[in-house]
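Participant: Residues per chain are reported as follows:
Protein chains: 4
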Amino acid sequence: MRKLVVGVMGGGEGASEDVCRLAYKLGKLIAQEGWVLLNGGRGVGVMDASAKGARECGGLTVGILPDRNAANASPYIDIPILTGFGDGRNFINALTSNVVVALPGRMGTISEIALALKNGKTVILLDFDLGDLFSEYRKAGLMFSVKKPEEAIAEIKKILAEGAEFF
Amino acid sequence: MRKLVVGVMGGGEGASEDVCRLAYKLGKLIAQEGWVLLNGGRGVGVMDASAKGARECGGLTVGILPDRNAANASPYIDIPILTGFGDGRNFINALTSNVVVALPGRMGTISEIALALKNGKTVILLDFDLGDLFSEYRKAGLMFSVKKPEEAIAEIKKILAEGAEFF
Amino acid sequence: MRKLVVGVMGGGEGASEDVCRLAYKLGKLIAQEGWVLLNGGRGVGVMDASAKGARECGGLTVGILPDRNAANASPYIDIPILTGFGDGRNFINALTSNVVVALPGRMGTISEIALALKNGKTVILLDFDLGDLFSEYRKAGLMFSVKKPEEAIAEIKKILAEGAEFF
Amino acid sequence: MRKLVVGVMGGGEGASEDVCRLAYKLGKLIAQEGWVLLNGGRGVGVMDASAKGARECGGLTVGILPDRNAANASPYIDIPILTGFGDGRNFINALTSNVVVALPGRMGTISEIALALKNGKTVILLDFDLGDLFSEYRKAGLMFSVKKPEEAIAEIKKILAEGAEFF
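Residue numbers (this note's numbering), protein chains in the order written: chain A, 1 to 167; chain B, 1 to 167; chain C, 1 to 167; chain D, 1 to 167.
Hints are not guaranteed to be accurate.
What the hints assert, rightly or not - EDC-like cross-link-like pairs, simulated, lysine to aspartate or glutamate; straight-line CA separation at most 20 angstroms:
| id | chain 1 | residue 1 | chain 2 | residue 2 |
| --- | --- | --- | --- | --- |
| 1 | C | K3 | B | E56 |
| 2 | A | K118 | D | D67 |
| 3 | C | K118 | D | E136 |
Stated by the list, open to error - Every beta carbon over 10 angstroms from chain B, so not counted as near; a handful from chain C, in silico:
| id | residue |
| --- | --- |
| 4 | A70 |
| 5 | G84 |
| 6 | G141 |
| 7 | S145 |
| 8 | G163 |
As the list claims (entries may be wrong) - One side only, chain D facing chain B, incomplete, derived with CB under 10 angstroms:
| id | residue |
| --- | --- |
| 9 | P66 |
| 10 | R68 |
| 11 | A71 |
| 12 | T83 |
| 13 | G84 |
| 14 | D87 |
Derived by calculation from the structure, the hints in this document are not laboratory data. Even for Gly, the Cβ is constructed at its ideal location relative to N, Cα and C.
Make the full structure from the sequences, and use the hints.
Facilitator: Structure, rendered in structure tokens:
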């Protein structure tokens, strides 16, 4: 049986230290569950921090890179998938994640949340206030808001316990 | 010199009659200016209605389809670009448009607006209230809100008059 | 009814003058038939020459570019489709063409021929010797070899006359 | 330091038993070296057989799938990357592999070899006769032919020993 792939989305260059700290902690917790961490793979912001956390706890990290080579990949990414597709790779991030946790970010993150929801993925917003946006998905039980990384993990476990078919 | 390519985004199957009427009118006006209309190419909602409007006024219509064949293309699309990339084609819509007009839509439309803004395109929201989302782009003069198709055309002309380099 | 889209593939920077002359002539003939010319869109080699020929005869030219902007587009391309997908766009070239004419080229051209044949497109090799490669498609009547642009046009007309469904 | 990613390309549904046996053996050897095996991810032909071999030896297997879900993924794939891009994903296979081993296949395999060579990857043909095709790459020391899986492994080790920069 395959391991669960948890997509971690969020800001790149513009991510604050607080957001990166959350991402780092989330990465640790994902690895401790034995899950695979997937993100956009670059060596900045939420991507770098979450991969670092996961790696330090022995987790496997997969990065879906926009580039044609690994020059900008985070050193904490084990498997850099080189798409050469620029932001077009956001669609792959959404499809490949079994479940998505989104931290504060901007356009790229919002496009990933939108594409994830559109393709039937559950999205957990971690300390990320999107107002009424996507509220229909919240009502449908496909989008949740949490404040702490531990709560994000708890939400994922709840979904797993409910027997959702991820694979 | 190339013709301006105006991307028209908005709801598919779920678009209301009112929204489709706006899209149809917008398509007509775009064609009357001699501009090329680009959209997601399918034969439903804003895509079908805007292409129909443009075609009836002799305009050229380009559809960036998610599919591998033209079976679901709108009959009003002159040039169906078959990507086979599913929602991944939204990125191509954003890049290929010189300017984007977005009517009410859901996840797909939001992902296109986000990718357009991220890639430096001006986005004109036509009767589409997104609350505070993307407000930083509004402040930067890259996102505008209008109520009528005629106003969207006027905004585009203003940008052209300011000498923006589209090509 | 839509116009036929003829994909013209072949060498880029490395294309010889003779090959470019063939491409230019082919572009002219495609435009004279009222067909749309599609190619990879860059301002070099077979792409530039075929678009120039088509444009000089009043044809419509569509370029599927690997880039995120039109800086490297041929000036003879009317509609630059900006994919940002690098060589990944070769798949779009294959899918979007109703029929493909391939002039001498290298890796990119061969990948396009392979993807076109795999996706059910007829490929006409114009003065391009591929030895036994793809010979099964030749036997199946999906690949033809011609020496002159006029013969390529004649092959396409024959296919149209046989009532092949392109659209 | 990252593990080497070896891309294994070759026939799908049409692959012969002999070819699948070679792929299975190759997968085993790749895993025994501690390398990551990457392929197109589907549960048929060379993809399925090579993943099975690698998995049985404790290797990590990554599949770049054309689909939007994992329904057609080989059960021996640990990490299914869901691109939704159809054959467009062949470009990702080429970019993501540090080195490519190609077994007998048809259009898809040829497109992958072409895209790999075009993007600077070394390609090792395993019992796959392509005649003169790509012979310029053979002369440039970027394409090799071997008869046995063990020889493919030896070629990769030779390249590594020469200090090629893969990462």
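Participant: Determine for every hint whether it applies to the structure shown.
Facilitator: Now the hints, each set against the structure:
no.	hint	verdict
1	K3(C) x E56(B)	holds (17 angstroms)
2	K118(A) x D67(D)	holds (16 angstroms)
3	K118(C) x E136(D)	violated (25 angstroms)
4	A70	violated (6 angstroms)
5	G84	violated (5 angstroms)
6	G141	holds (20 angstroms)
7	S145	holds (26 angstroms)
8	G163	holds (17 angstroms)
9	P66	holds (9 angstroms)
10	R68	holds (6 angstroms)
11	A71	violated (15 angstroms)
12	T83	holds (8 angstroms)
13	G84	holds (4 angstroms)
14	D87	holds (7 angstroms)
In the structure shown, a violation is registered for the earlier hints numbered 3, 4, 5, 11, in ascending order.
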